[in-house]
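Those protein sequence lines, which keep their order, are chains A and B.
For the first sequence, the working numbering begins at 1 and goes up steadily by one.
For the second sequence, the working numbering begins at 363 and goes up steadily by one.
None of these hints come from the bench; they were simulated from the model.
Take the hints with a grain of salt, since some may be wrong.
Stated by the list, open to error - In silico lysine to aspartate or glutamate, EDC-like type, Cα no more than 16 Å apart, as pairs:
#: 1; chain 1: A; residue 1: K210; chain 2: A; residue 2: D242
#: 2; chain 1: A; residue 1: K43; chain 2: B; residue 2: D648
#: 3; chain 1: B; residue 1: K573; chain 2: A; residue 2: D120
#: 4; chain 1: B; residue 1: K597; chain 2: B; residue 2: D668
#: 5; chain 1: A; residue 1: K2; chain 2: B; residue 2: E643
#: 6; chain 1: A; residue 1: K43; chain 2: B; residue 2: E643
#: 7; chain 1: B; residue 1: K402; chain 2: A; residue 2: D120
#: 8; chain 1: A; residue 1: K324; chain 2: A; residue 2: D47
#: 9; chain 1: A; residue 1: K11; chain 2: B; residue 2: E630
#: 10; chain 1: A; residue 1: K288; chain 2: A; residue 2: E304
#: 11; chain 1: A; residue 1: K123; chain 2: B; residue 2: E629
#: 12; chain 1: B; residue 1: K700; chain 2: A; residue 2: D47
#: 13; chain 1: B; residue 1: K515; chain 2: B; residue 2: E483
#: 14; chain 1: A; residue 1: K43; chain 2: B; residue 2: E630
#: 15; chain 1: A; residue 1: K43; chain 2: B; residue 2: E629
#: 16; chain 1: B; residue 1: K631; chain 2: B; residue 2: E684
#: 17; chain 1: A; residue 1: K2; chain 2: B; residue 2: E639
#: 18; chain 1: A; residue 1: K212; chain 2: A; residue 2: E237
Since we're looking at a predicted model, the values are computed, not measured.
Read off the chains here:
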Amino acid sequence: MKYLAEFRNSKLVSGVIDEITRTVSQPWVIMEICGGQTHSIMKYGLDQLLPDNIELVHGPGCPVCVTSLEMIDRALAIASQPEVIFTSYGDMLRVPGSQGDLFSVRASGKDVRVVYSVLDAVKIAQDNPSKLVVFFAIGFETTAPANAMSVLQAQKLGLDNFCLLVSHVRVPPAMNLILGSPSNRVQGFLAAGHVCTVMGYWEYVPIAQKYKVPIVVTGFEPVDILQGILLTIRELEHKSNDVKNAYSRVVNYRGNKPAQNIIEQVFIECDQKWRGIGNIPGSGWRLKPAFVKYNAEDRFHVEEIKPTESPLCISGQILQGLVKPINCPAFANQCSPEHPLGATMVSSEGACAAYYRYGRSK
Amino acid sequence: MIDSFPNYEALHCPLPLLHNERIVMGHGSGGRMSYELISKVFFPSFNSPTLKTGDDAGLITLPNSVGDSYSKLAVSTDSHVVTPLFFPGGDIGRLAICGTVNDVSMLGATPLYMTAGFVLEEGLDIDTLCKVVESMHEAAKEANVQIIAGDTKVVQNGKADGLYINTTGIGIIPGGINISGTRAQPGDVVILSGTIGDHGIAVLAARGELKFETQIKSDVSPLNGLVATMLEATKAIHVLRDPTRGGLATSLNEIALQSHVGIMIQEEKIPIKPAVEAACEMLGFDALYVANEGKLIAIVEEHQADKLLDRMKAHPLGADSEIIGTVIEQPDTHVMLKTTFGTTRMIDMISGEMLPRIC
Numbered sequence: 001m002k003y004l005a006e007f008r009n010s011k012l013v014s015g016v017i018d019e020i021t022r023t024v025s026q027p028w029v030i031m032e033i034c035g036g037q038t039h040s041i042m043k044y045g046l047d048q049l050l051p052d053n054i055e056l057v058h059g060p061g062c063p064v065c066v067t068s069l070e071m072i073d074r075a076l077a078i079a080s081q082p083e084v085i086f087t088s089y090g091d092m093l094r095v096p097g098s099q100g101d102l103f104s105v106r107a108s109g110k111d112v113r114v115v116y117s118v119l120d121a122v123k124i125a126q127d128n129p130s131k132l133v134v135f136f137a138i139g140f141e142t143t144a145p146a147n148a149m150s151v152l153q154a155q156k157l158g159l160d161n162f163c164l165l166v167s168h169v170r171v172p173p174a175m176n177l178i179l180g181s182p183s184n185r186v187q188g189f190l191a192a193g194h195v196c197t198v199m200g201y202w203e204y205v206p207i208a209q210k211y212k213v214p215i216v217v218t219g220f221e222p223v224d225i226l227q228g229i230l231l232t233i234r235e236l237e238h239k240s241n242d243v244k245n246a247y248s249r250v251v252n253y254r255g256n257k258p259a260q261n262i263i264e265q266v267f268i269e270c271d272q273k274w275r276g277i278g279n280i281p282g283s284g285w286r287l288k289p290a291f292v293k294y295n296a297e298d299r300f301h302v303e304e305i306k307p308t309e310s311p312l313c314i315s316g317q318i319l320q321g322l323v324k325p326i327n328c329p330a331f332a333n334q335c336s337p338e339h340p341l342g343a344t345m346v347s348s349e350g351a352c353a354a355y356y357r358y359g360r361s362k
Numbered sequence: 363m364i365d366s367f368p369n370y371e372a373l374h375c376p377l378p379l380l381h382n383e384r385i386v387m388g389h390g391s392g393g394r395m396s397y398e399l400i401s402k403v404f405f406p407s408f409n410s411p412t413l414k415t416g417d418d419a420g421l422i423t424l425p426n427s428v429g430d431s432y433s434k435l436a437v438s439t440d441s442h443v444v445t446p447l448f449f450p451g452g453d454i455g456r457l458a459i460c461g462t463v464n465d466v467s468m469l470g471a472t473p474l475y476m477t478a479g480f481v482l483e484e485g486l487d488i489d490t491l492c493k494v495v496e497s498m499h500e501a502a503k504e505a506n507v508q509i510i511a512g513d514t515k516v517v518q519n520g521k522a523d524g525l526y527i528n529t530t531g532i533g534i535i536p537g538g539i540n541i542s543g544t545r546a547q548p549g550d551v552v553i554l555s556g557t558i559g560d561h562g563i564a565v566l567a568a569r570g571e572l573k574f575e576t577q578i579k580s581d582v583s584p585l586n587g588l589v590a591t592m593l594e595a596t597k598a599i600h601v602l603r604d605p606t607r608g609g610l611a612t613s614l615n616e617i618a619l620q621s622h623v624g625i626m627i628q629e630e631k632i633p634i635k636p637a638v639e640a641a642c643e644m645l646g647f648d649a650l651y652v653a654n655e656g657k658l659i660a661i662v663e664e665h666q667a668d669k670l671l672d673r674m675k676a677h678p679l680g681a682d683s684e685i686i687g688t689v690i691e692q693p694d695t696h697v698m699l700k701t702t703f704g705t706t707r708m709i710d711m712i713s714g715e716m717l718p719r720i721c
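Please take these sequences and the hints and turn them into a complete structure.
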């Protein structure tokens, strides 16, 4: 496949690996932020190719994994209402709430639908004027522009039967939290290429300076990821902590300005709870007051729902890179993709699911 | 924030999502959830040793067999539900014949007779039904099987998705053939008869929900002709399996479990059409888990592998056949994949419903 095969070329991969091996002189701990990167690393076995003194730890960049339990419970409550068509990205259907998941709600006869784009949900609202269509607007900066766009679209179309259950999260505050933690082990970051496509990478410069860690914008294919690791290692070995871009075919410094404008128009920064981690100040987006009629939480009064988390799940420590999935006592025992205890086992981007699918026997 | 590890030994696992109270779509995935449902609900009551073998068809040894050569029968049944009823490369009728013919063939049997049961939804166009029946007739002719019994039921509008078809097939296993998912042995070679994912992607595109177009056609075909050719080449075939729901990955896992072996496959050897690969990339699916309806996996003794491969390649339904791996000794019965970079990873069974990724 053109534009992908080049970045999966085994000669190029071994070339970059050789260069990494030549460059590294001491142990380093690097975190890849994004769950998509974690999956590429496990799927292609890239960790097996790296020198032993480079340790990759897996970050909190899986939007499905970090969506808070109470938000899942709110989704379940809303989806269970009559006259509601609940729409969501596929991954979210499997995430366990306190009691059940969206699969269970669908099995009980309620209308829960998987969509690929929020604009499909807008279309469903147009086609079903007697139903209230709710879209579960989760995700990082990557999905935010489209979700914001749907609100403007609904407004333009004069749709009263469309709203969002918003649970957006942002990467930079999570990086601040990880780096500011006394137990932090991370010495360098691979920043998430897709997030930076939207936001650029200017936000990471103050973080790199404050905590003296290099941050490298990195893509998702094997050559991209190894190139990101190589640039990070070079920075670390030279005791430098710049922000570099190893994904320049897609990402530029300022990012996608029109997309950022739409986000600004519709969303406002807020505190956000991350599943397994807790509240991170300023780490979320919610709808601006002007768009209150598109806010599902307001329309359904679900703020009172109090969740209960499985006590066994340590996804919080996994999402902060403190513990590897294989070191969780529940991993592949009580916790598997069929019976997930936590969201990191649920999403195809979750670190536990990646280890379960690709690396269990190691 | 969590500051320290909880004390695990003192806690009981609440396992919130067993899904053992209600059927969810994942129970029909053909993967681990289906397997659990069968083990927990069906096996306790239907506990015949034949059923528990776990093959695509049941084996019957006739009590008073006439001669030695035709003493065994293979029987299989399959219900067919597909949306839409017509898709590029096939339709529910062709699928209903081929699916069952192929299951019977996977024991090395020659399928001869079939039954067909129809559940029709009130309001279904007779014209649509005629097209489906004609397609079944064509497929049965292609597979050289006769439909010898049938049944028709009608349910109220809204109680079915147009039309469901159940078919049962019976075939005779020629003498000297002993093929079962339990027979893979370390050292055996794994051959795949062609490209993966064609059927699943064709049906997904035809559904229209994902708004993508593709030239890919379903591979739905009766494989009994190919199997007959293969058995002419060698009797040293240990396992045959058609990787339908759950795809290649799930079928290989089933075989590994049944035979208590490991399987190592080579990523670069697995045939896949560029358009299928591109669709999977775009939609966030892994082609190893996408359904096929006209492909088979053959596990054969190593010394016969090249000869068998040549014969398969000479058959129109096996033209893209490749040796994709070997059976290995492994206590954990894992299926492993060697990537193009020389690294290895595990290939698991599909879990529940195949879901697209968020981004």
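Here is how each hint holds up against the structure:
no.: 1; hint: K210/A to D242/A; in the structure: 11 Å, holds
no.: 2; hint: K43/A to D648/B; in the structure: 11 Å, holds
no.: 3; hint: K573/B to D120/A; in the structure: 10 Å, holds
no.: 4; hint: K597/B to D668/B; in the structure: 14 Å, holds
no.: 5; hint: K2/A to E643/B; in the structure: 12 Å, holds
no.: 6; hint: K43/A to E643/B; in the structure: 14 Å, holds
no.: 7; hint: K402/B to D120/A; in the structure: 38 Å, violated
no.: 8; hint: K324/A to D47/A; in the structure: 13 Å, holds
no.: 9; hint: K11/A to E630/B; in the structure: 14 Å, holds
no.: 10; hint: K288/A to E304/A; in the structure: 21 Å, violated
no.: 11; hint: K123/A to E629/B; in the structure: 40 Å, violated
no.: 12; hint: K700/B to D47/A; in the structure: 14 Å, holds
no.: 13; hint: K515/B to E483/B; in the structure: 9 Å, holds
no.: 14; hint: K43/A to E630/B; in the structure: 14 Å, holds
no.: 15; hint: K43/A to E629/B; in the structure: 11 Å, holds
no.: 16; hint: K631/B to E684/B; in the structure: 7 Å, holds
no.: 17; hint: K2/A to E639/B; in the structure: 11 Å, holds
no.: 18; hint: K212/A to E237/A; in the structure: 13 Å, holds
Checked against the numbered hints above, the structure violates hints 7, 10 and 11; every other hint is satisfied.
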